[in-house]
Amino acid sequence: MITDFPAAPLPLPDAADLEAELAALGGGAMIPKAMRRTLFPVITKEDVFNLMLAQRQTPEKVVAGFAEAYRSYVGARYALPTASGTSSLHMALVGAGVQPGDEVVVPAFTFIATAQAVVAAHAIPVFVDIDPVTYCMDPQAADAAITDRTRALMPVHVHGLPADVPALRALADSHGLALVEDASHAHSAKIGDRLAGSFGDAAGQSLMADKNFPLGGEGGIAFFSTEEAYDRAVAYLDRHGIDYGMSWVAAAFGTSQLARLPYYDEIRARNAALIGEALRETGLFTPPHVPDGHVHAYNMYRMTLHPDAVGLGDLPVHAVKEAVHQLLVAEGVPAREWQNTPIPCHLPFRHRDGFGGGYPFTLNPAAVRDHRPEDFPVTLGMLDSTLVLCRELRSPVEYERILRYADAFRKVARRPDAIRKLVEEGDHRRPYEKAARLG
Amino acid sequence: MELFDTATVLTRVLTSGVVMSIEKSDRELPGLERLLTKQTGRAKAVLLNSRTGAVHAALAGQGIGHGDTVSLPEPDAATEAFLNWLGVTVERAGDEEGRRPIAYDHVALDATNADRLPELAAGASAPALVVDLTGLGFGPAAAVLTDDARLWARAERLKIFGAYDLRTMWTQEEADASLVPGVQFNYRLSPLVAACARMALTRAARPVATYGAPS
Numbered sequence: 001m002i003t004d005f006p007a008a009p010l011p012l013p014d015a016a017d018l019e020a021e022l023a024a025l026g027g028g029a030m031i032p033k034a035m036r037r038t039l040f041p042v043i044t045k046e047d048v049f050n051l052m053l054a055q056r057q058t059p060e061k062v063v064a065g066f067a068e069a070y071r072s073y074v075g076a077r078y079a080l081p082t083a084s085g086t087s088s089l090h091m092a093l094v095g096a097g098v099q100p101g102d103e104v105v106v107p108a109f110t111f112i113a114t115a116q117a118v119v120a121a122h123a124i125p126v127f128v129d130i131d132p133v134t135y136c137m138d139p140q141a142a143d144a145a146i147t148d149r150t151r152a153l154m155p156v157h158v159h160g161l162p163a164d165v166p167a168l169r170a171l172a173d174s175h176g177l178a179l180v181e182d183a184s185h186a187h188s189a190k191i192g193d194r195l196a197g198s199f200g201d202a203a204g205q206s207l208m209a210d211k212n213f214p215l216g217g218e219g220g221i222a223f224f225s226t227e228e229a230y231d232r233a234v235a236y237l238d239r240h241g242i243d244y245g246m247s248w249v250a251a252a253f254g255t256s257q258l259a260r261l262p263y264y265d266e267i268r269a270r271n272a273a274l275i276g277e278a279l280r281e282t283g284l285f286t287p288p289h290v291p292d293g294h295v296h297a298y299n300m301y302r303m304t305l306h307p308d309a310v311g312l313g314d315l316p317v318h319a320v321k322e323a324v325h326q327l328l329v330a331e332g333v334p335a336r337e338w339q340n341t342p343i344p345c346h347l348p349f350r351h352r353d354g355f356g357g358g359y360p361f362t363l364n365p366a367a368v369r370d371h372r373p374e375d376f377p378v379t380l381g382m383l384d385s386t387l388v389l390c391r392e393l394r395s396p397v398e399y400e401r402i403l404r405y406a407d408a409f410r411k412v413a414r415r416p417d418a419i420r421k422l423v424e425e426g427d428h429r430r431p432y433e434k435a436a437r438l439g
Numbered sequence: 001m002e003l004f005d006t007a008t009v010l011t012r013v014l015t016s017g018v019v020m021s022i023e024k025s026d027r028e029l030p031g032l033e034r035l036l037t038k039q040t041g042r043a044k045a046v047l048l049n050s051r052t053g054a055v056h057a058a059l060a061g062q063g064i065g066h067g068d069t070v071s072l073p074e075p076d077a078a079t080e081a082f083l084n085w086l087g088v089t090v091e092r093a094g095d096e097e098g099r100r101p102i103a104y105d106h107v108a109l110d111a112t113n114a115d116r117l118p119e120l121a122a123g124a125s126a127p128a129l130v131v132d133l134t135g136l137g138f139g140p141a142a143a144v145l146t147d148d149a150r151l152w153a154r155a156e157r158l159k160i161f162g163a164y165d166l167r168t169m170w171t172q173e174e175a176d177a178s179l180v181p182g183v184q185f186n187y188r189l190s191p192l193v194a195a196c197a198r199m200a201l202t203r204a205a206r207p208v209a210t211y212g213a214p215s
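Heads up: the protein sequence lines correspond to chains E and F, in order.
Counting in our numbering, the first sequence runs from 1 upward without gaps.
Counting in our numbering, the second sequence runs from 1 upward without gaps.
The following block holds chain F by itself, in its conformation from the complex:
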């Protein structure tokens, strides 16, 4: 992304007087969520402040936790270490019969492929799609995309505050026991980072702008 674009976006967010991701008036996080759901064709997005946060949310959203086993195609060493820290055993997905379905698909975006998110998402079939936005250049950032409303709700509750406002986030009257949070992390994404990521994705999806009067 051009330095001018980044400066413009950061200035706009700072001028809004809202730099809190738990402010109801924040528009940056919903803006990035909308863009990601549109580009990936998924119904729901969960924003997080790192790739590992997104992996955690993708699994927690499916009720996968300590003591469970998941299947992944080619997990790298860091991912496998992280899943082991969560208490989740990893088996390599293959063609063998009886293997579990793949727990999540993974796409890492950077300047070279940021324009290809729709295409990359189209090739994903797992219940959750982890999109790593860190490579866009604004610090650790990621998202989980899904069509599953329950997966989304559980994943949001992994975040302290999550999608819930200050008055109800720990309600003692949960209608659905499966939505009661267990461990929670502050995986919230900064609105400043979200705004920059959104701008980078928007710019990548457009043809290069031309300037001056049309000839």
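The following block holds chain E by itself, in its conformation from the complex:
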């Protein structure tokens, strides 16, 4: 039988490892190859027990029980459990009153499902650039994109940091628009005492297994601020014969996992703080910015590189990033780009075939743009200069593993000579000049 039990413990941090040669140049890796697997979520006997108990209930009751428990946790008024994050976003848009041909303003930097959910609602995604500090939708850019056909603003709480909801709420209200959150990265993220998913007129949230709050593989949930919006979404599914139902297996697993979500949150916050402190020491890296009053959920942890701080300011930042990426991966830190081009430049939005024959884009040709990456300079600047950690910060990351990640960043940052050599030897294209990718 396959086991998820670790084969061997990670060695404790050792100051001598920091002085050793870089792994990419033949030295030992900070995290040896056989010890790199990060398991998430924590699955215990309790999960299995709850799944067994769920078999004694009706599927409808298991799913409804989960939805009610999580709705209450989020503090949203109404909840509709779905099969996936994409379907939850679709339902959030429908509940918010988005109609075929309407325009929905979305950020150019997100996961493709945000924009595809707009198309699923037979509406048109209108892409805008992001804020250079938070990487979430720029309210000023959103304002500039509003037309008579705009029906909703759909910010994404990117990587788990809530977008500028006060500014976007004010903008939406001033134009009579709905505010629909994509909270797929933002389980337990907060502004003040309120949780993501409860800010907008509606919200969608993925619960797939790579999220901070994972169900059994796939799942999602839509939240609504009014009964009318909830009823509109439910009636839409019925009218169009769409099956977006959540499996009771996922719901039972989710109910079990919900009880330990606060623990996961605390572990991630602790790990993020520890890594952040180590990054600041290096000069080369800075951690994500978190505005006052916001709680970042750290579904992903995007760090920024500052080549000038280690004497590499004469080199293109994207080339430095690529070299650092290579060195970190060799040390056993699974850093990644997580997107390398704006969403409107991905094939589905360059071709815009939609449901076929260009529908729904044909409903509103004036809203359609042939975008180039350069249309989103802030997004490009971020993609040039940042790297991401994903599940590496989530529970159950052992304390020694986090310490070793921190040491790996220190070790790489101490070697601007090696970074420079890699840059000079390589042919470094900007991220968007390579094929669009997620990893």
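Please note: incorrect hints may appear among the correct ones.
What the hints assert, rightly or not - Heads up, incomplete: computed chain E residues facing chain F, CB under 8 Å, no partners named: (1) 50; (2) 51; (3) 59; (4) 113; (5) 119; (6) 218; (7) 243; (8) 246; (9) 351; (10) 356.
As the list claims (entries may be wrong) - Now the in silico label distances, taken between C-beta atoms and shown as ranges: (11) 226(E) / 148(F): 52 to 58 Å; (12) 18(E) / 3(F): 49 to 55 Å; (13) 69(F) / 57(E): 41 to 47 Å; (14) 177(F) / 286(E): 40 to 46 Å; (15) 147(F) / 49(E): 41 to 47 Å; (16) 149(F) / 239(E): 32 to 38 Å; (17) 8(E) / 113(F): 33 to 39 Å; (18) 57(E) / 108(F): 21 to 27 Å; (19) 291(E) / 177(F): 42 to 48 Å.
By construction, these hints were calculated from the structure, which means they are not laboratory data.
Glycine is no exception: its CB is placed at the ideal position from the N, C-alpha and C atoms.
Please build the complex by placing chain F on the supplied structure of chain E, with the hints as guidance.
For chain F alone, coordinates are given in the frame of chain E:
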């Protein structure tokens, strides 16, 4: 399926540490795909998280989309509503000359007929066979079976992630323009649900087990 079987399967998948349908190391989805292709005699399987997802994939796989018309023998009201939502007009298949060929065949499995999939599939002749697995009792689940590699490739691309890994799924260098995805949905099936469905189909195909020493 027996409660013990379900508990065993769920525990096995949870213990594997892989509950993601986009993990390359996931074995549950390929396992169900293999079982379905074997039982139906079709070359390829696409797994989806609902019957309507499978209907959508069966049509998208054939390049049928908004503005097109399909022929179906006896579509129920929900199917017709769903196809209309896709922008596809439905005409009832009959014996009249000039009718289009049937777009897909449909089989719904439950505890009473799960052992008859090979027989039910043998009677199907459309390019795509939609197999609804929801009636097996683990939540919405379905598959599209086909012998057409292009239909399979297009149907997979309807799913966000689909059969493609994280590094290449939106490549800007598609060799074949007809494979470029249009709208995409997250129709991915959970490995936990897939494992249970696979177990139910396997159990249904076998005679009832006997226990104890042979007499």
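With respect to the beta-carbon atoms only, verify the hint that residue 57(E) and residue 108(F) lie 21 to 27 Å apart. holds, 24 Å
For the range 32 to 38 Å, tell me whether the beta carbons of residue 149(F) and residue 239(E) fit it or not. holds, 36 Å
Evaluation of the interface hint that places residue 356(E) against chain F, nearest CB under 8 Å: Holds - the Cβ of residue 356(E) comes within 8 Å of chain F, reaching about 2 Å at its closest.
So does residue 69(F) sit 41 to 47 Å from residue 57(E), Cβ to Cβ? holds, 43 Å
Holds or violated: the 42 to 48 Å window for the beta-carbon distance between residue 291(E) and residue 177(F)? Holds: the Cβ-Cβ distance is about 44 Å, inside 42 to 48 Å.
With a cut-off of 8 Å, does the beta carbon of residue 351(E) approach a beta carbon of chain F closely enough for the hint to hold? holds, 5 Å
Mind checking the CB of residue 218(E) against every CB in chain F and telling me if the closest is under 8 Å? Holds, because the Cβ-Cβ distance from residue 218(E) to chain F comes to roughly 5 Å (cut-off 8 Å).
Using the beta carbons of residue 18(E) and residue 3(F), state whether their distance is inside 49 to 55 Å or not. holds, 54 Å
Outcome of range test on Cβ distance (residue 177(F), residue 286(E); 40 to 46 Å): 42 Å Cβ-Cβ, so the 40 to 46 Å window holds.
Hold the hint about residue 243(E) up to the distance rule: shortest CB distance to chain F must be less than 8 Å. holds, 4 Å
Is 41 to 47 Å respected by the C-beta to C-beta distance linking residue 147(F) and residue 49(E)? With a Cβ separation near 44 Å, residue 147(F) and residue 49(E) satisfy 41 to 47 Å, so the hint holds.
Note whether the CB distance of residue 226(E) and residue 148(F) lies within 52 to 58 Å or breaks it. Since the Cβ atoms of residue 226(E) and residue 148(F) sit about 46 Å apart, the hinted range of 52 to 58 Å is violated.
Figure legend: structure checked against the earlier numbered hints; hints not met, in rising order: 1, 11 and 17.
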